[in-house]
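Visitor: Bring the two chains, given one by one in their own frames, into a single complex with the hints.
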Amino acid sequence: MHGRAVLGFLEGMSGPVDAEDLAQETLLQAFRRIGTFATGTDFRAWLLTIAYHARVHALRRKRALVAQDFAVLASVPAPAAATEGTGLEAAVRSGLAALPEDQKTVVLLRLGQGLSHAEIARITGTEEATVRWRLFRARRVLQKLLKEWAPIGKGSGT
Amino acid sequence: MNCEEAQVYLEGCGAGPPDDGAVAEHLRQCTACAQYAASLAAENRILEEMLSRPPSEAQWQRVKAGFNGRMALELAWRGRRLQAVWAVAAAAAVVLCLGAGFLAYRHLRPDGGKELVSGRAPSRSGGPASQAPNSLASGLARLQEEVRSKQVLDELEQLQIVFREAGDADGRSVAEDAELYVERILSLDGSHPEQASEILAGIKAAGIHGRVQKVKESIADDAPAPLRASLELAAATLDKAIFLGTEK
Numbered sequence: 001m002h003g004r005a006v007l008g009f010l011e012g013m014s015g016p017v018d019a020e021d022l023a024q025e026t027l028l029q030a031f032r033r034i035g036t037f038a039t040g041t042d043f044r045a046w047l048l049t050i051a052y053h054a055r056v057h058a059l060r061r062k063r064a065l066v067a068q069d070f071a072v073l074a075s076v077p078a079p080a081a082a083t084e085g086t087g088l089e090a091a092v093r094s095g096l097a098a099l100p101e102d103q104k105t106v107v108l109l110r111l112g113q114g115l116s117h118a119e120i121a122r123i124t125g126t127e128e129a130t131v132r133w134r135l136f137r138a139r140r141v142l143q144k145l146l147k148e149w150a151p152i153g154k155g156s157g158t
Numbered sequence: 001m002n003c004e005e006a007q008v009y010l011e012g013c014g015a016g017p018p019d020d021g022a023v024a025e026h027l028r029q030c031t032a033c034a035q036y037a038a039s040l041a042a043e044n045r046i047l048e049e050m051l052s053r054p055p056s057e058a059q060w061q062r063v064k065a066g067f068n069g070r071m072a073l074e075l076a077w078r079g080r081r082l083q084a085v086w087a088v089a090a091a092a093a094v095v096l097c098l099g100a101g102f103l104a105y106r107h108l109r110p111d112g113g114k115e116l117v118s119g120r121a122p123s124r125s126g127g128p129a130s131q132a133p134n135s136l137a138s139g140l141a142r143l144q145e146e147v148r149s150k151q152v153l154d155e156l157e158q159l160q161i162v163f164r165e166a167g168d169a170d171g172r173s174v175a176e177d178a179e180l181y182v183e184r185i186l187s188l189d190g191s192h193p194e195q196a197s198e199i200l201a202g203i204k205a206a207g208i209h210g211r212v213q214k215v216k217e218s219i220a221d222d223a224p225a226p227l228r229a230s231l232e233l234a235a236a237t238l239d240k241a242i243f244l245g246t247e248k
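Each protein sequence line maps, in turn, to chains A and B.
Quick note on numbering: the first sequence equals residues 1 to 158 in our numbering.
Quick note on numbering: the second sequence equals residues 1 to 248 in our numbering.
The shape of chain B in the complex, shown without the other chains (with noise of 0.2 Å):
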């Protein structure tokens, strides 16, 4: 091994004796690239010194803050989707049960149960499922059509970027909030009233509406349309769906 070569390799390393059996014995043998390793050494150790500096502790508590605020909303959103999935599986479950009755039942009968598949229907009207939508559940279905439509949640993805863009890590994250709150609102089950006004007025109480239009407040008048119009958007998503869940 030359000393060019010695060199090069020595650069490419970190503090501490070199990993290569052959650099170090070229290292015994030439004072001049002994001496460099030694300078290299020396400079490691002031730009390992400056860059593993830890941050402050208060952009460290910042980045809890908000992991823990974002896991949070994750963590609800997994709940109320893992709701969902039961209540999907326990309804399959319900008609598999329906199905295998009516099978057993068909063929147990002496008429093969013909008088049952050809006879009307029994009437449902006073079921709770034939029942009118409320007013909760209509006025849900119209706020998700809407939410869909206008693409609310594009939206709020692109004001997203703005912000992060901007520097303005409120915004941001006012925006990822609101995207998670009305990626709940979608999910949302209008055959469920009591359920879904629950999660609606927690929309109410968490004060994201009030937090949208804050950033809506401060930003300034000579900002481009297309990000006053999301925040507008945002803002009349969330205040439709706290009316409904404020709506007796």
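Same shape as in the complex, but just chain A (with noise of 0.2 Å):
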């Protein structure tokens, strides 16, 4: 149950092929770290925490790998993008993968698992006011995604 939402979060922020690798890698780690496992909190947040870092660890290591060895890994294929879901699904998730990582982070986390701005800033180690704006951004550019695919009415401050 949990697995599978650490499973969607892993998605989002790699695409399919990068989250079974660091899905399995973060329950890995949850199986190795049970003992530290406050009971009486929430389980799926501590695993999406896990898998937070994991991804973290993933990216620094793929960045500094194409540092350190650009020409082999030139010279084999890159994977294939997703372009799963409908017109509009496939507009959206292609717009989340070009968000910065941190906006990506919050929006996986706030939109996709529903957690709550405390929750999402705990597990990525920033307040809850950044939190918020990073969101506020992200949410700028999916807006707009989703106005030219599905135009929703709206109302206009003053």
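No lab work stands behind these hints: they were computed from the structure.
Hints are supplied without guarantee of correctness; some may be wrong.
[Claimed, not checked] Examples of chain B residues toward chain A, derived with CB under 8 Å:
{"#": "1", "residue": "E11"}
{"#": "2", "residue": "E48"}
{"#": "3", "residue": "P55"}
{"#": "4", "residue": "M71"}
{"#": "5", "residue": "A72"}
{"#": "6", "residue": "L73"}
{"#": "7", "residue": "R184"}
{"#": "8", "residue": "L186"}
{"#": "9", "residue": "G190"}
[As the list claims (entries may be wrong)] Some residues of chain A that are not near chain B, with every Cβ distance over 12 Å (derived):
{"#": "10", "residue": "G35"}
{"#": "11", "residue": "T39"}
{"#": "12", "residue": "G40"}
{"#": "13", "residue": "V56"}
{"#": "14", "residue": "P100"}
{"#": "15", "residue": "Q143"}
Ideal Cβ positions, reconstructed from N, Cα and C, are used throughout, including at glycine.
Guide: The following block contains the structure:
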């Protein structure tokens, strides 16, 4: 149940191929660190914290590897981009993929997993206000996509 | 609170009523912002529906299968490590008992045990510990030395990274499994040939060598030389280990 939530989050963050690997890594890490889970707290949030750190770690490693061994990487084919879902969904996922990492994280945790700002702040090690601000900026991009595909009537502020 | 502040707040929220009292109050008084909040809520519902969609069953099953395989290897590896820890603890206990016995003996003997200390150590040529290492033990030591000197584990680590970057889940999984088996080879103790032989035979039974060969054959002819060399090294290491395990 929670494993699927982890996989869904990681798929949004890194695409389907890397997500499977990172989800396995997250579950293994959870198994190794199960003693650190505080009883009475949210198990799903704990798992998502591990998943978030696994993703950050993988990204750092990827960047270091690209810098060090670009020649080898350039010779192997890149994974195919995720293009599943309806036109609108593909557009939203593509827009999401183009977002900066920090904004993508809060969008997926808030809208994808339904976590509170406080929980997201704990997972990402930031302030709630920062989470809110990142979500605000990400939404501006996603709103534009939604308007293009499925216009939603909207009032204007004063 | 003015409209701009309320709207910035609302855009930073998900679906549901605002959890800030001042914003809620503003929405009650400002029709435009209330409409804006309603349209945001509609957008949120669309986004939430898309982004909270669970992964496909096939994808989840692949993750589960991969996780189970890695867990099984990890548990086997932990079990072996635990055995090694117990073996060291038992050896330490024996040494301590022998030391305490010797001290007690010296204390009780009228000559303080001088004869025992100055005398020649009793010959232990017939004991098992002084036996020349059997072929498996010496072969294993050579293989372990080779694994260390050729940095096979590092090579396998690099292979995993390259396969991961290439999106080759099978190649990556084979490299990960091969790494675990090479780690197990390094953990083997040549002074327990039966146990070592059993584990080496297990490597053969697991079919990892065949999987490495398959990956080696599947990569394109123009694949980078280091990639091919790392696979060759992994295959050769596993080949030698299997040979040791089946050698009579």
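Visitor: Now tell me, hint by hint, if it's right for this structure.
Guide: Consistency of the hints with the structure:
no.	hint	in the structure
1	E11	holds (5 Å)
2	E48	holds (5 Å)
3	P55	holds (5 Å)
4	M71	holds (7 Å)
5	A72	violated (12 Å)
6	L73	violated (10 Å)
7	R184	violated (17 Å)
8	L186	violated (20 Å)
9	G190	violated (29 Å)
10	G35	holds (14 Å)
11	T39	holds (23 Å)
12	G40	holds (23 Å)
13	V56	holds (16 Å)
14	P100	holds (16 Å)
15	Q143	violated (6 Å)
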